[in-house]
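Position chain B relative to chain A; hints supplied.
Protein chains: 2
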Amino acid sequence: MNEINTISILGSGNVATQLAKGLKLEGARISHIYSRNQITGKELALQVNAEFAEEISQLPKEQLILICTPDDQISSVLSDIPLETPVAYTSGSVELSSLTQRSHLGVFYPLQTFTKGREINLFEIPFFIEATNTDFAQQLFNLAWKVSRKVYFADSQKRSELHLAAVWINNFTNHLVYISDKYLQEKQLSIEFLQPLLKETIQKLDQISAYEAQTGPARRGDLTIVKKHLEKLHGAEREIYRLLSENIIKTYSIDDKL
Amino acid sequence: MNEINTISILGSGNVATQLAKGLKLEGARISHIYSRNQITGKELALQVNAEFAEEISQLPKEQLILICTPDDQISSVLSDIPLETPVAYTSGSVELSSLTQRSHLGVFYPLQTFTKGREINLFEIPFFIEATNTDFAQQLFNLAWKVSRKVYFADSQKRSELHLAAVWINNFTNHLVYISDKYLQEKQLSIEFLQPLLKETIQKLDQISAYEAQTGPARRGDLTIVKKHLEKLHGAEREIYRLLSENIIKTYSIDDKL
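These protein sequences, in sequence, are chains A and B.
Residue numbers for the first sequence follow my numbering, so the first one is 537 and each next one is one higher.
Residue numbers for the second sequence follow my numbering, so the first one is 537 and each next one is one higher.
Hints were generated in silico from the structure; no laboratory data involved.
On a predicted model such as this, the values are computed, not experimentally measured, just so you know.
Accuracy of the hints is not assured; some may be wrong.
Since the list gives no way to pick out one identical chain from another, each pair is judged satisfied if it fits inside one copy or across any two copies.
[As the list claims (entries may be wrong)] When the alpha-carbon atoms are kept at most 20 Å apart in a straight line, the in silico DMTMM-like pairs for lysine to aspartate or glutamate are as follows:
| id | residue 1 | residue 2 |
| --- | --- | --- |
| 1 | 786 | 775 |
| 2 | 723 | 691 |
| 3 | 786 | 758 |
| 4 | 735 | 748 |
| 5 | 763 | 631 |
| 6 | 578 | 671 |
| 7 | 560 | 587 |
| 8 | 694 | 728 |
| 9 | 740 | 660 |
| 10 | 652 | 591 |
In isolation and in its complexed conformation, chain A is listed as follows:
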């Protein structure tokens, strides 16, 4: 079984950038970058000392292409890559079986949120690997192992379950912070006041479970305050507040209805 040492990266967004830099740092060679966005693509190529390919067809056919595009472009991009070329993609939710089969098709999914301009230490990031070809899966595992000590095999179903959990953990918590931020701005207050609370909310979960950590009016069954808060809200936010409070009350078996 050959080790993967030299790869091409397809894409130049946040995932492509972090993986390209991280892999290069740990000794992999990024030979080519292809991206529809020539500006960010050429910039990334420069950063990792790779060649910028003007067309997908210019990427070397015998080495791994790591597809780091948005989910809905993976299928069409794959159709431009020769069937004998080994390919892996970084999506949490695209099922392996939903794509046209080829001898070397795999998944290389880093479970993290990547932000432009923010360097992430990949070492603690879980990577989930899948491939129909066992040898190829092991090669992808070893590639991920270059940058992380948390590498796991996971089939498409497990990966999609992790992805759904990540939506709650990242996308939705972030949206709650946004709702809070917007509300405070309307009241001429600043989210700055809430930063220590936000950090402690997450840090305490190192020690205790979210079930144990729950506090607040709904947890105490303090419906007077819940109702007072509902009166201050309207529209979707009021409905979200109501549903979350009801669900907390239900979780802790206080049976009052709002």
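What follows is chain B alone, placed relative to chain A:
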């Protein structure tokens, strides 16, 4: 205007414990602890070298009593304290005007979540102060200033707005982590996989706003994945997922309805 140096604390829960320890550490003297729970009350008294009072009536009448009980006990506890005794309470949502007026009644609200057994550095915690008597407000401000460099005056309305924001930031984000945790357990997966994501979700908000930080299927308007996730959920959690996704889509002006 006299400085507040010696105080009694009423309560022995998380807020009482952290404030008693923090204030003592910064040179205040905690002379008495009263608590309905004699076990935790006596334990706290021992920790801060205070006397445990068996009755509220045993607390010194000329010095500040800091009430750290749950919101719904404040009013009844107050009725047991002589009208001339200065009193402050730590609640985010109880309005000053809702309580029986007295010459020295104030609010001493630390905007943080306190957990049993977890010591918090109070120095960065915002404290919000209110009192009908200006001198007393300033005394409470100075008392908070002993332990924190983020002390502000805020009336009951501002404080209740901050408290509502805190419910989103702390109570509801925690509940989303719980939902995610429970879902992963059902799937024989562990929330451990999601810890780096959760931390980065919050840490990136030091650099960018929650509005800018939003990612995920709803943000991209990827309704295929949103629908796939909805199919995996049921009951209240499905409804919460749907509402949050709809609200993200609306926020970023993608007009498709789920």
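We went through each hint and held it up to the structure:
no., hint, verdict
1, 786 - 775, "both (16 Å within a copy, 15 Å between copies)"
2, 723 - 691, "between (47 Å within a copy, 13 Å between copies)"
3, 786 - 758, "within (13 Å within a copy, 31 Å between copies)"
4, 735 - 748, "both (17 Å within a copy, 19 Å between copies)"
5, 763 - 631, "between (44 Å within a copy, 15 Å between copies)"
6, 578 - 671, "neither (33 Å within a copy, 64 Å between copies)"
7, 560 - 587, "within (14 Å within a copy, 63 Å between copies)"
8, 694 - 728, "between (37 Å within a copy, 15 Å between copies)"
9, 740 - 660, "both (19 Å within a copy, 16 Å between copies)"
10, 652 - 591, "neither (24 Å within a copy, 59 Å between copies)"
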